[in-house]
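Each protein sequence line maps, in turn, to chains A and B.
Numbering-wise, the first sequence is residues 1 to 188 according to the UniProt record's numbering.
Numbering-wise, the second sequence is residues 1 to 188 according to the UniProt record's numbering.
In short, the hints are calculated from the structure, not lab data.
A virtual CB, placed ideally from N, CA and C, is assigned to each residue, including glycine.
Take the hints with a grain of salt, since some may be wrong.
To be verified - Facing chain B, a subset of chain A residues (Cβ under 8 Å, in silico):
#1 T72
#2 S76
#3 A79
#4 L114
#5 E116
#6 V146
#7 H155
#8 L181
#9 R182
#10 A185
Claimed, not checked - Below, a list of computed lysine to aspartate or glutamate pairs in the DMTMM-like style, where the Cα atoms sit at most 25 Å apart:
#11 B:K27 <-> A:E116
#12 B:K51 <-> A:E113
#13 A:K51 <-> B:E14
#14 A:K51 <-> B:E116
#15 B:K51 <-> B:E35
#16 A:K51 <-> A:E116
#17 A:K121 <-> B:E14
#18 B:K51 <-> B:E113
#19 A:K121 <-> B:E159
#20 A:K27 <-> B:E159
#21 B:K41 <-> B:E159
#22 B:K27 <-> A:E113
#23 A:K27 <-> B:E116
#24 B:K121 <-> B:E35
Protein chains: 2
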Amino acid sequence: MGRWRPDARARLQEAALTLYGERGYEKTTVAEIAERAGLTKRTFFRYFADKREVLFWGSELLEQRMVAAIETAPASTSALGLIGAALDAAAVRFEEVREFAGPRHRIIAASPELRERELIKAMSLTAAMTRALRTRGLDDTAAALVAHTGATVMHVAFEQWVDDPSRTPFQQIARDSLAQLREIASTG
Amino acid sequence: MGRWRPDARARLQEAALTLYGERGYEKTTVAEIAERAGLTKRTFFRYFADKREVLFWGSELLEQRMVAAIETAPASTSALGLIGAALDAAAVRFEEVREFAGPRHRIIAASPELRERELIKAMSLTAAMTRALRTRGLDDTAAALVAHTGATVMHVAFEQWVDDPSRTPFQQIARDSLAQLREIASTG
Chain A
1 MGRWRPDARA
11 RLQEAALTLY
21 GERGYEKTTV
31 AEIAERAGLT
41 KRTFFRYFAD
51 KREVLFWGSE
61 LLEQRMVAAI
71 ETAPASTSAL
81 GLIGAALDAA
91 AVRFEEVREF
101 AGPRHRIIAA
111 SPELRERELI
121 KAMSLTAAMT
131 RALRTRGLDD
141 TAAALVAHTG
151 ATVMHVAFEQ
161 WVDDPSRTPF
171 QQIARDSLAQ
181 LREIASTG
Chain B
1 MGRWRPDARA
11 RLQEAALTLY
21 GERGYEKTTV
31 AEIAERAGLT
41 KRTFFRYFAD
51 KREVLFWGSE
61 LLEQRMVAAI
71 ETAPASTSAL
81 GLIGAALDAA
91 AVRFEEVREF
101 AGPRHRIIAA
111 SPELRERELI
121 KAMSLTAAMT
131 RALRTRGLDD
141 TAAALVAHTG
151 ATVMHVAFEQ
161 WVDDPSRTPF
171 QQIARDSLAQ
181 LREIASTG
């Protein structure tokens, strides 16, 4: 126990999600998470700052990939096309963590503290997309509108994806939502 | 002091905003707000649950008016037209409180606790608009997309309006933003 193991992070995440689901986020301690994972508290703190960060680890990675998708899309890409590229990048990430996504989502929904943290992360993501869209030549208002629209589609598609018994890929749900929004905007 | 006065609420709000601006939200006490307004702590608590609610009082009224605008728009109104009606209702409210809006916005921006509270209120508003849009016949996904789009336009327009030296009406800024979003969606 306590030595570096290649799967320690994933085991700690899995143990944390199990315990948060069983006894609630507030009542679970870092010591219990480490014990359930067969590791020490010291190992836990090598990977995560605290028990909250187990749930939010990886959000920087998601943000980086979505921003990179906006920055590297072909020059001819339209504003909504840039959002589509960012959502495709999010789709890759979401499918990687699909097994964690549902339990994580329910644990966050049950705690005001965690919901607030999730909102702050979403704001950070939207701000990062706004900056990336400005580097693609959009003016400030257009960049903000498009970034928030991307956040909207991501949020609405995520809610459908995370509880979908037929396991429709996120990419498909997000593309359908973006197309639906486009139709609403053009006919409205 | 302490007796009911028709302007007590407004005086307490003004005193609170002045003190929050001068010495910071965290360092200001209810006793100081009451004293600055020439009223008692007891009178303060007749109007506000705590010093935070001075900043958020009225958000239910905004929500009610926006929901009512969606519910009572003519039957032929398009989905984005319903959002336009809700934004027009918000515009009336914002112009009523324009003098408070700028200082309030800066105080909230300076405090993580207040920013989180503001985000929760915005979520509540979006959820209320989603429900209202469903009663107008939109399916769940369309209602969520349209409500979030309304929240997006409101947010982006508010940021422009609150610091606009030329005092352009919120209604005009919001309508321009909605038109810009429509154009982005149709050409994107």
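Report task. Please flag the earlier hints that this structure goes against, numbers listed from lowest up. Result -> Hint check: 1, 2, 4, 13, 17, 20, 21 and 24 fail, others pass.
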